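Here is what each chain is made of, one letter per residue.
Number of protein chains: 2
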Amino acid sequence: KQVFKPMRQKEIKVVKSVMSSPAITVKPNETIESASRILIENGINHLPVVDEQGRLVGIVTSWDIAKAVAVGKARTVEEIMTRKVITASPDDPIEIAARKMDANKISALPVVDAKGKVLGVVSSEDLSKLLAR
Amino acid sequence: KQVFKPMRQKEIKVVKSVMSSPAITVKPNETIESASRILIENGINHLPVVDEQGRLVGIVTSWDIAKAVAVGKARTVEEIMTRKVITASPDDPIEIAARKMDANKISALPVVDAKGKVLGVVSSEDLSKLLAR
Ligand SMILES: C[S@@+](CC[C@H](N)C(=O)[O-])C[C@H]1O[C@@H](n2cnc3c(N)ncnc32)[C@H](O)[C@@H]1O
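Note that the protein sequences, when read in sequence, are chains A and B. In this text, residue positions in the first sequence follow full-length UniProt numbering: the first is 361, and each later residue adds one. In this text, residue positions in the second sequence follow full-length UniProt numbering: the first is 361, and each later residue adds one.
These are computed hints drawn from the structure, not numbers from a lab. Take these hints with a grain of salt, some might be off.
Stated by the list, open to error - Listed below are several chain A residues computed to face chain B (Cβ distance under 7 Å; list not exhaustive):
#  : residue
1  : 376
2  : 393
3  : 414
4  : 415
5  : 423
6  : 433
7  : 436
8  : 455
9  : 458
10 : 485
Claimed, not checked - Heads up, simulated DMTMM-like pairs for lysine to aspartate or glutamate below, C-alpha to C-alpha not over 25 Å straight-line:
#  : chain 1 : residue 1 : chain 2 : residue 2
11 : B       : 465       : B       : 455
12 : B       : 489       : B       : 390
13 : B       : 427       : B       : 462
14 : B       : 489       : A       : 390
15 : A       : 465       : B       : 455
16 : B       : 460       : B       : 438
17 : B       : 427       : A       : 473
18 : B       : 433       : B       : 455
19 : A       : 427       : B       : 390
20 : B       : 427       : A       : 401
21 : A       : 427       : B       : 401
22 : B       : 373       : A       : 401
Claimed, not checked - Away from chain B, derived, C-beta distances all over 12 Å, residues of chain A:
#  : residue
23 : 389
24 : 425
25 : 460
26 : 477
27 : 489
Keep in mind that this is a model prediction, so the values were computed, not measured. All C-beta atoms, glycine included, are put in the ideal place defined by N, C-alpha and C.
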């Protein structure tokens, strides 16, 4: 009797298994002070910005807030957010997410579903902890 | 003639092979605006704080600047820096650095030599890019 043994293959880890969720988000018209408070209270660095319908319209990070401090003047999230957001899909392999971050010199990606709804955030911290022992 | 073949072993990657160096640092008496400018001009999130002798006395990050914005009032780096700094040694395996970050919920470690001199910074971004393909 012949037995077929499946080939050992590397397990594919996907974004949804390591992302932080639910996503903590902010609205474009909120103040920089209020966005800062949300970052601090949650111990995070990245806030997807969503419109009234919950669709992703930007991202604001503690780096953007430091930039506002360096440059002065800005008052609201929409004045400092990045509008062209690089995102991940929940079923992307983590290697793809790592490559997107590396190629774009960023440290997190909002994870969005097919309708653009924000499901979570995957960060370089979420990925680097996979290397921990 | 007998030939000894070394056992295949997993290559051990160490911190110094992935860290960013030289370290960009700041002095405790600099203003928060000036620290913010250094972060932005260099596209980084973490600044080791060193005294006149170049010894590590703290770390200030874009997260601490967002906190200063949220809370108000602070003016200088030493008012907002974290004084108990978790560091890495240049020859630490990267898995150890990843574990330190994960266990302390931080995203970077100043890399210091035996004399406490700051050689560089290793971040979760430096580590997560090892997973990229
Ligand atoms: C607790 S983390 C929370 C945000 C996020 N997890 C991160 O890593 O940036 C932010 C705080 O950690 C501190 N911190 C960052 N790296 C550190 C290190 N190597 N040793 C000690 N504190 C550090 C910062 O000064 C800041 O006050």
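How the hints compare with the structure:
no., hint, in the structure
1, 376, "16 Å, violated"
2, 393, "6 Å, holds"
3, 414, "24 Å, violated"
4, 415, "25 Å, violated"
5, 423, "5 Å, holds"
6, 433, "12 Å, violated"
7, 436, "13 Å, violated"
8, 455, "4 Å, holds"
9, 458, "4 Å, holds"
10, 485, "5 Å, holds"
11, 465(B) / 455(B), "15 Å, holds"
12, 489(B) / 390(B), "32 Å, violated"
13, 427(B) / 462(B), "21 Å, holds"
14, 489(B) / 390(A), "33 Å, violated"
15, 465(A) / 455(B), "22 Å, holds"
16, 460(B) / 438(B), "24 Å, holds"
17, 427(B) / 473(A), "31 Å, violated"
18, 433(B) / 455(B), "39 Å, violated"
19, 427(A) / 390(B), "16 Å, holds"
20, 427(B) / 401(A), "9 Å, holds"
21, 427(A) / 401(B), "9 Å, holds"
22, 373(B) / 401(A), "35 Å, violated"
23, 389, "17 Å, holds"
24, 425, "4 Å, violated"
25, 460, "8 Å, violated"
26, 477, "25 Å, holds"
27, 489, "4 Å, violated"
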